[in-house]
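Taking the hints into account, I'd like the entire structure generated from these sequences.
Residues per chain, in single letters:
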Amino acid sequence: MSEPILKVVNLKKHYPIRKGMFNKQVATRYVVDGVDIEIMPGETVALVGESGCGKSVLLRVLLGIEDATEGEIYYYGKNTKEMSKQESRRIRKKVQMIFQDAASALHPRFTVMESLSEPLLLGGMKNKREIEKRVCETLEKVGMDASYRFRSPGSLSGGQRQRVLIARSLVERPELILADEPISALDVSLQAQVLNLLMDLQDEYKLAMLFVAHDLAVVRQIANYIMIVYAGHILEAAPSSEIYSNAHHPYTQVLLESAPSISRGVRNEDFHLNLKVGDAPDPANPPSGCVFHTRCVYADERCRTEVPEKREISPGHYACCHKAKTAKEFAQEGCADGKGGCVKS
Amino acid sequence: MTEKAVNTKKGSNFATGFKSFMNFCRKNPTFTIGFVFMLVIAFIAVFAKQLAPNDPYLNTPKIMLMKPFFDSQYPLGTDTLGRCLLSRMMYGLNISFTVGVTAVVLAVALGILIGIISGMDYPGPFDTLLMRVVDVQMGFPFIVLVIIFVSLLGSSVPALIGVLALSFWAPYARNVRGSVMIEKNMDYISAARLMGAGNGRIAVRYLGRNVVPGVLPMVPMDLSAAIVLESLLSYMGLGVQPPEISLGNIMGDGKNYIATHWWITAMAGIVIVLVAIALTLIGDALHKQFDPKLRN
Amino acid sequence: MEQTNHDILLEVKDLRTYFHMPDGVTIKAVDGVNFTLKKGRVLGIIGESGSGKSVTSRAIMQIVDRPGKIETGEIYFKGENLLDKSEKEMASLRGSQISLIFQDPNTSFNPYMTIGDQLRQAYRVHRRSAGKEECEEAVRDALKLVGISNWEEVCKCYPCQYSAGFRQRIFIAMAMIFKPDLLIADEPTTSLGITIQAEIIQALSDIKDQVGNSVIIITHDFGVVAQFADDIFVMYAGRCVEYSPKRDLLVAPRHPYTVGLLRSVPLLEVRKTRRLKSIPGFPPDMAHPPEGCPFAVRCEWAQEKCFREQPELVQISEDRLVACHYPLMDYETAQDTRLD
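Residue numbers (numbering that gives the first Met the number 0), protein chains in the order written: chain A, 0 to 344; chain B, 0 to 295; chain C, 0 to 339.
Honestly, I wouldn't trust all of these hints.
Some residues of chain C that are not near chain A, with every Cβ distance over 10 Å (derived) [as the list claims (entries may be wrong)]: (1) ASP6; (2) THR25; (3) GLU47; (4) THR106; (5) VAL124; (6) SER128; (7) GLU136; (8) PHE165; (9) SER263; (10) PRO326.
Partner residues aside, some chain A positions facing chain C, computed with beta carbon under 10 Å [claimed, not checked]: (11) GLU42; (12) GLN159; (13) VAL217; (14) ALA279.
For lysine-lysine, the following DSS-like pairs were computed, each having C-alpha atoms within a straight-line distance of at most 27 Å [stated by the list, open to error]: (15) LYS178/C x LYS205/A; (16) LYS93/A x LYS6/A; (17) LYS68/C x LYS12/C; (18) LYS92/A x LYS18/B; (19) LYS18/B x LYS287/B; (20) LYS183/B x LYS18/A.
FYI, nobody ran anything at the bench for these hints, they're computed from the structure. Quick reminder that beta carbons are idealized off the backbone N, C-alpha and C, glycines included.
Structural data, given as structure tokens:
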């Protein structure tokens with residue numbers, strides 16, 4: 000059982016920008032640019048990145064809603080490009096998605112029952128009673144009374160809708176769930192509820208999960224392996240404990256240090272934003288060299304010209320940075336351009 | 000959500016539907032007036048043959064141009080050929096309704112079909128083509144369309160239905176296409192695709208359900224317009240041909256005597272106006288109900 | 000808490016704002032809120048969606064939209080009751096003495112006007128006769144305040160040419176153009192990414208250091224208030240449940256709801272117990288609030304009295320107020336936070 004459920008090799012998704020009468024391609028948006036992922040059964044991998052970094056597009060490509068420009072996707076060791084229709088149908092049942100926005104991911108005029116029975120009907124289940132039984136079971140699994148199946152999404156609260164969405168991804172008894180920010184639209188108290196629910200279900204069904212989030216704190220609770228995404232690239236990937244204790248990429252360090260945090264608030268600490276003010280690069284016009292150099296305070300000439308290779312820091316811990324080292328070491332070295340782009344506290 | 004609401008058992012669909020309909024009626028008295036009036040008119044139209052006191056085609060020259068409210072056998076009087084006006088109006092309603100309802104149903108069906116295809120295809124070639132057709136259709140003068148149609152097919156009830164359906168479908172297609180273009184980017188459509196739903200299923204089961212409420216309020220308005228237009232065409236002699244009776248025909252027959260026997264034209268006209276008003280009241284209420292911007 | 004205290008900038012007493020819906024239901028969005036804000040302090044209002052935190056800020060500005068209505072209450076700003084003021088007087092206060100920043104920087108600008116024009120226009124609202132130079136100076140100062148040094152260039156551009164984070168910065172500049180004494184920030188960072196969020200909070204705290212204004216920051220994110228606020232005010236179901244200096248509240252919350260919230264927030268520094276302790280159930284429906292304490296049904300410490308009687312906000316120590324019949328006097332957050 001050491002075969003990964005999902006393996007992604009050098010995946011790229013580029014969108015052409017077309018203009019003019021003949022739709023001439025004038026530029027390309029490099030939304031996902033060379034991503035490798037491997038998910039073992041029962042494991043949770045988290046993709047962490049800010050909005051617009053390409054995480055959602057990546058998920059859509061993985062699910063086959065959009066085609067990859069380049070690169071391979073393997074489910075259970077089989078390349079998606081070589082799969083027959085039947086095989087991809089079978090895979091589809093095993094791989095499910097949880098959407099971020101429960102309000103738009105449920106058909107507003109379907110009852111919960113209809114929404115949940117749809118995947119079963121499409122999966123070929125015919126017996127009505129069996130379908131109903133499965134739906135009720137699954138609803139109870141996500142902590143909702145079976146009587147909710149007659150309600151429409153409009154009469155449910157946000158937390159309940161998210162539960163229905165999770166239930167829908169579970170009715171087919173999948174083995175891998177791709178979750179696109181499943182809790183970020185919820186209130187704090189409900190976030191914890193849903194996060195716990197996901198972990199319970201994971202234990203029960205031995206689910207593997209690809210968990211997309213923008214928040215390293217949430218991910219800490221659930222993920223075994225964390226990948227940091229920035230502008231379509233994976234900048235650092237490491238087992239969970241490594242990321243929090245031994246991050247080697249300046250961007251990861253910024254994410255860890257800049258997120259407003261309760262503990263720092265308690266200690267009355269100011270926070271240091273070790274980042275040049277600015278934005279993530281425009282995917283239509285990516286910077287040369289390292290994608291992060293436009294905002295990195297340690298960037299030098301080499302970072303501006305040369306694309307960094309993936310470096311192995313320790314087993315399973317990779318960072319894409321010429322200078323990869325711990326935050327402490329970075330701090331000792333100081334900023335590259337002498338005066339420092341470091342923002343004062 | 001209170002706990003109480005959670006525990007309510009699902010009642011029968013019909014009973015809850017009826018209850019909310021009654022509630023809606025109570026809140027919209029104008030709707031109720033229009034609706035009840037239309038129920039009566041529709042009943043008369045459907046059962047015209049059973050309800051009519053006399054044979055509407057029977058000429059009785061002896062009693063021609065009888066005034067209304069004079070003879071109990073001919074409550075609304077007679078026309079130039081001595082035919083019972085009340086019976087003729089009932090039959091006329093029947094035809095006018097058949098033409099109007101069929102035309103609008105066809106137009107809605109055609110509009111929804113084209114709108115969904117177009118919206119799902121956007122920004123593809125089908126969509127471009129279909130929308131150009133819609134543009135042409137909406138820019139084309141109605142009367143010219145009628146004349147072309149009538150001269151090609153001759154004027155008959157099916158031709159009339161066709162021409163009316165053709166002149167009403169375009170706004171539906173536009174409207175449906177617009178909402179399909181919004182809806183198809185929603186996550187639930189992606190989710191459906193992930194489950195393996197094909198285009199047909201998505202169009203019918205997912206999009207179909209969402210676009211129908213959007214066009215529903217347009218239907219009564221168009222129905223009233225269709226009935227008025229049908230009467231207009233028949234009045235001009237381009238629509239239903241004698242001996243078939245329509246409200247427009249009755250008015251047309253009466254127009255030569257309008258100076259002396261105005262009620263022949265007036266009575267049929269009043270019926271048309273009342274029907275149009277009633278349908279507008281219904282349409283208005285539906286608009287308010289379905290358009291969240293007006294609901295407030 | 001005397002009114003005469005010169006340190007106090009804003010004092011809200013028993014503020015109630017109800018929404019009378021057309022179908023006859025009354026939603027008590029804000030149902031008895033009391034707090035005071037001292038000069039130069041930052042007050043964080045935290046609550047979940049629907050807890051009435053945004054309506055509170057709108058009530059202070061008196062821009063509650065219909066069908067909402069301020070039912071009762073007193074809002075003393077610099078010793079004067081804002082609710083006694085006419086609409087004209089309020090208008091002259093808005094922007095010049097009290098400013099509001101919204102959540103969504105995308106819709107807060109007119110897309111067809113340059114940033115410079117919009118800022119100048121904002122300045123002319125209260126200084127109608129201002130000359131060109133005076134305007135320029137005010138705009139420059141405001142943009143510099145939020146750390147934009149190439150202000151001339153920025154002024155010539157349109158809002159859509161900048162990212163959401165930058166636009167939010169400009170919007171803060173616009174709100175600060177008269178250096179108001181009170182800045183209300185309604186979820187200023189919610190729609191932004193983490194690094195941008197940090198930038199904005201940084202900008203807000205820099206401004207506060209320079210201008211010395213007071214800030215009310217409204218958010219659902221404990222991290223943000225923990226980092227930025229001096230005092231925290233927790234809202235639940237339209238009421239204040241706990242009001243306390245930041246550190247005390249975070250280390251030793253007294254109200255069960257605050258405890259529940261803090262327990263359910265995942266921490267960056269440590270992994271909490273394998274499962275977060277979440278608050279069960281859902282917030283109450285504001286159209287039919289429960290009779291007793293609104294939190295009672297979700298509270299693990301609730302007793303019979305909680306379902307019967309609504310607790311008042313009472314002082315439990317020098318600067319802490321709690322609305323609970325049985326406040327948790329010896330709870331400490333640390334007991335729920337441990338490494339695996």
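Hint-by-hint comparison with the structure:
1. ASP6: Answer for ASP6/C: holds, closest chain A Cβ roughly 21 Å.
2. THR25: 20 Å, holds
3. GLU47: Given that some Cβ of chain A is not farther than 10 Å from that of GLU47/C, nearest at about 4 Å, it is violated.
4. THR106: Answer for THR106/C: holds, closest chain A Cβ roughly 17 Å.
5. VAL124: 29 Å, holds
6. SER128: Non-interface label on SER128/C holds, nearest chain A Cβ at 36 Å vs cutoff 10 Å.
7. GLU136: Check passes; 24 Å lies beyond 10 Å.
8. PHE165: Violated, since 7 Å does not exceed 10 Å.
9. SER263: Contrary to the label, SER263/C does not stay out of reach of chain A, its closest Cβ about 3 Å off (not over 10 Å).
10. PRO326: 19 Å, holds
11. GLU42: With a minimum Cβ separation of about 16 Å from chain C (threshold 10 Å), the hint on GLU42/A is violated.
12. GLN159: Because about 7 Å separates GLN159/A from the closest Cβ in chain C, which is inside the 10 Å limit, the hint holds.
13. VAL217: 5 Å, holds
14. ALA279: Since chain C brings a Cβ to about 8 Å from ALA279/A, closer than 10 Å, the hint holds.
15. LYS178/C x LYS205/A: 57 Å, violated
16. LYS93/A x LYS6/A: Roughly 15 Å between the alpha carbons, so the hint for LYS93/A and LYS6/A holds.
17. LYS68/C x LYS12/C: 16 Å, holds
18. LYS92/A x LYS18/B: Distance of about 41 Å is beyond 27 Å: violated.
19. LYS18/B x LYS287/B: Answer holds: LYS18/B to LYS287/B is near 19 Å, not above 27 Å.
20. LYS183/B x LYS18/A: Holds, at about 24 Å.
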